[in-house]
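Undergrad: Sequence:
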Amino acid sequence: MARRRLSEAIRWQIIGMHASGASFKAIGRQLGYHYTVISRLVRKNRQTGAVKDRPQSGRPRVTSEREDRAFLRIIRREPFSTSTVLKRAWLPNRHLSTRTVRNRLKAAGMAARRVIKRPRLTDDHKRRRLAWCLARQRWNLRTWRRIHWSDESRFLLHVTDGRLRVWRHRNTAYTPRNIRQTVPFGGGSVMVWGCISHDCKLDLVTVRGNLTGDQYMRHVLEPVVVTHFDNHPLATRPVYMDDNARPHRSRAVVDYLQNNAVTTLPWPAMSPDLNPLEHVWDILGRRIQALQPPVQTLRELEAALHRE
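Residue numbers (the UniProt record's numbering): 1 to 308.
Any given hint could be a false lead.
Unchecked claim - Taking lysine-lysine pairs in the BS3-like style, the calculated list, with each CA pair at most 27 Å apart, reads:
1. 44 - 25
2. 25 - 52
3. 117 - 106
Derived from the structure by calculation, the hints contain no laboratory data.
Let the sequences and hints guide you as you build the complete structure.
TA: Right, dumping it as structure tokens:
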């Protein structure tokens with residue numbers, strides 16, 4: 001059972017009662033404390049003239065400052081390790097608790113946070129991306145505005161966000177209001193193709209099934225891209241950008257674009273972040289999730305994508 005702590009007011013009351021001639025046991029019976037508590041308080045007041053608790057050293061640390069610095073070096077080398085793995089790597093021959101590991105992490109200002117995910121880039125990818133940017137760093141706005149940025153994106157019927165959190169009390173994880181129901185594979189998805197430029201956007205195209213080179217030509221390039229480009233004079237004809245996905249780089253697609261005088265923008269591999277259309281997909285996805293009532297079928301999702 002936890003001991004009751006004496007408030008500062010009670011402590012001074014005890015000192016006053018003792019100064020008035022009351023005994024330790026009499027004070028203890030009146031206030032509900034053991035007489036030894038009263039005697040220790042009076043003795044401390046005689047020695048220090050105060051009633052507050054003295055500073056305490058607390059539990060001694062089980063690791064030295066040198067060992068703590070070694071632990072921080074391990075963290076910098078292995079930032080994705082769990083506290084259990086870190087404990088074994090830090091002092092394998094010492095009996096430590098994972099709480100000690102977390103305390104050292106907290107003291108160093110570290111906390112477990114969401115990991116930022118990025119495409120894995122090799123040194124060759126980095127060189128090609130840098131060369132691509134350096135070759136175009138002096139382009140003016142007039143040149144950039146000729147680029148038509150295209151891309152495909154897949155939208156789930158039921159978005160599953162692994163970062164979702166819920167405010168709840170302890171031991172209430174299985175309360176119905178704290179449970180987010182999910183369906184396998186997001187309940188299905190709709191893939192769409194889109195294209196934007198400085199002053200226009202082309203029609204959104206729904207991609208049925210897996211995109212192939214033949215489907216890309218028949219449903220995207222021929223009815224949408226080439227038709228739009230043919231409306232521009234040759235001198236001011238736009239430049240078409242698509243990434244290095246296999247359907248975009250098939251021999252039939254490359255020949256088709258060349259035969260229809262569609263100039264393409266060379267694109268470095270693993271560079272989705274260079275395409276401004278990615279921001280449009282993000283905005284579109286947020287709008288779909290904000291719809292009330294939410295979409296319930298793939299047909300409704302497709303219609304909402306085109307409408308938004």
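Undergrad: Confirm or reject each hint.
TA: Now the hints, each set against the structure:
1. For a cut-off of 27 Å, the pair hint linking residue 44 to residue 25 stands: about 17 Å separates their Cα positions.
2. Note on residue 25 and residue 52: the hinted pairing holds, with a Cα-Cα distance of about 22 Å set against a maximum of 27 Å.
3. Between residue 117 and residue 106 the CA atoms are separated by roughly 24 Å; this keeps the pair inside 27 Å, and the hint holds.
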